[in-house]
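Residue numbers (my numbering), protein chains in the order written: chain A, 520 to 725; chain B, 8 to 106.
Just to be clear, a hint being listed does not mean it is correct.
[Unchecked claim] Only some residues are given here: those of chain A computed to face chain B with a beta carbon under 7 Å:
1. L552
2. V553
3. R610
[Said to hold, decoys possible] Chain B side only, calculated, beta carbon under 7 Å to chain A, not exhaustive:
4. P9
5. L14
6. N33
7. P34
8. I37
9. A48
10. V53
11. M62
12. A76
13. A80
14. A88
15. P95
16. V98
In case anyone wonders, no lab produced these hints; they're calculated from the structure.
Yeah, the Cβ is synthetic: ideal placement off N, Cα and C, and Gly gets one too.
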Amino acid sequence: MAEVLFFIAAIGAVAGAVGTVSLRNPFYAVLALVCHLLALAALFLLLRAEFVAAAQVVVYAGAVMVLYVFVVAYVGGSDEPLTASTGASLRFASILFALALFVELTIALIGTSLAALDSDGAPYEAGFGTPAEVGELFLTRFLVAFEIASLLLLIAAVGAVILARRRSGLPEAGEISVADVMRRPEVTPGESVPGTMIEAASPPRR
Amino acid sequence: MPLTWYLVVSALIFAIGAGGVLVRRNPLVILLCIELMLNAANLALVGFSRVHGNMDGQMFALIVMVVAACEVAVGLGLIVALFRRRLPIDVDELRELQG
Chain A
520 MAEVLFFIAA IGAVAGAVGT VSLRNPFYAV LALVCHLLAL AALFLLLRAE
570 FVAAAQVVVY AGAVMVLYVF VVAYVGGSDE PLTASTGASL RFASILFALA
620 LFVELTIALI GTSLAALDSD GAPYEAGFGT PAEVGELFLT RFLVAFEIAS
670 LLLLIAAVGA VILARRRSGL PEAGEISVAD VMRRPEVTPG ESVPGTMIEA
720 ASPPRR
Chain B
8 MPLTWYLVVS ALIFAIGAGG VLVRRNPLVI LLCIELMLNA ANLALVGFSR
58 VHGNMDGQMF ALIVMVVAAC EVAVGLGLIV ALFRRRLPID VDELRELQG
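Could you build all of it, start to finish, from the sequences and the hints given here?
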């Protein structure tokens with residue numbers, strides 16, 4: 520039973536990864552990554568990492584992917600041609616590099632004489648991978664890492680807001696505001712009536 | 008299942024992600040491919056954690072997820088800033104690193 524589940528989840532994960540890399544529309548690439556993350560969560564469950572699997576689904580497939588979808592919708596998921604303007608030879612070399620990396624990793628893996636690689640692992644103890652165990656470890660042995668992670672999240676949140684905000688001061692001629700996006704004909708068809716909510720939210724036009 | 012299978016899947020996903028970073032030109036998709044590579048590393052960590060019967064690998068995987076979330080927030084902020092300045096969303100056109 521575990522073998523069947525493993526192969527289903529592994530094929531799903533690899534297919535999601537291939538879709539992320541090869542789909543042209545960024546929106547579909549994000550959706551393929553969501554499939555990949557869900558299949559990976561199933562693999563984590565097979566490895567008895569319950570809390571990691573739950574965090575994967577809630578944080579990754581939930582929150583982070585919603586952020587991606589919003590940015591793709593804002594920037595506009597334009598179809599890019601997969602063939603780079605820099606030539607097909609560079610692309611071929613990249614694919615060759617990826618293949619060589621996989622072969623090298625596999626050879627290194629099989630070539631090691633680690634006895635544990637062929638076993639099913641340590642016997643399962645009750646409580647392994649549960650939220651209680653994770654929480655206890657985070658507040659005792661890994662307390663410093665836990666605190667630094669919270670600090671890192673704070674810095675990243677502040678940095679993202681500062682990077683993506685509207686610059687105050689002199690408005691740049693080339694800058695696009697949210698109101699400009701809303702005024703696009705494909706978003707709001709017809710004549711934009713002055714005095715709407717969009718106008719009220721935007722800075723005065725000159 | 009022996010651990011070798013999990014590690015082979017992890018290596019395959021990592022190689023696909025690395026190839027994607029090299030091939031694709033849209034910075035959004037490059038960020039997605041970096042996510043793939045981080046997740047492959049997570050799978051290997053959790054697999055070794057299971058074999059050793061030790062929780063340390065799982066804690067490492069959780070910290071990796073935190074760092075990935077930070078990287079996504081900053082990277083998407085950069086892409087939004089690029090879009091606001093009407094720069095092309097294409098890493099081939101952005102090679103000069105001038106604002």
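For each hint, the structure was consulted:
no.: 1; hint: L552; verdict: holds, 5 Å
no.: 2; hint: V553; verdict: violated, 10 Å
no.: 3; hint: R610; verdict: holds, 6 Å
no.: 4; hint: P9; verdict: holds, 5 Å
no.: 5; hint: L14; verdict: holds, 5 Å
no.: 6; hint: N33; verdict: holds, 5 Å
no.: 7; hint: P34; verdict: violated, 10 Å
no.: 8; hint: I37; verdict: violated, 10 Å
no.: 9; hint: A48; verdict: violated, 12 Å
no.: 10; hint: V53; verdict: holds, 5 Å
no.: 11; hint: M62; verdict: holds, 6 Å
no.: 12; hint: A76; verdict: holds, 6 Å
no.: 13; hint: A80; verdict: holds, 4 Å
no.: 14; hint: A88; verdict: holds, 5 Å
no.: 15; hint: P95; verdict: violated, 10 Å
no.: 16; hint: V98; verdict: violated, 10 Å
Hint compliance for this structure: hints 2, 7, 8, 9, 15, 16 are not met, and every other hint is.
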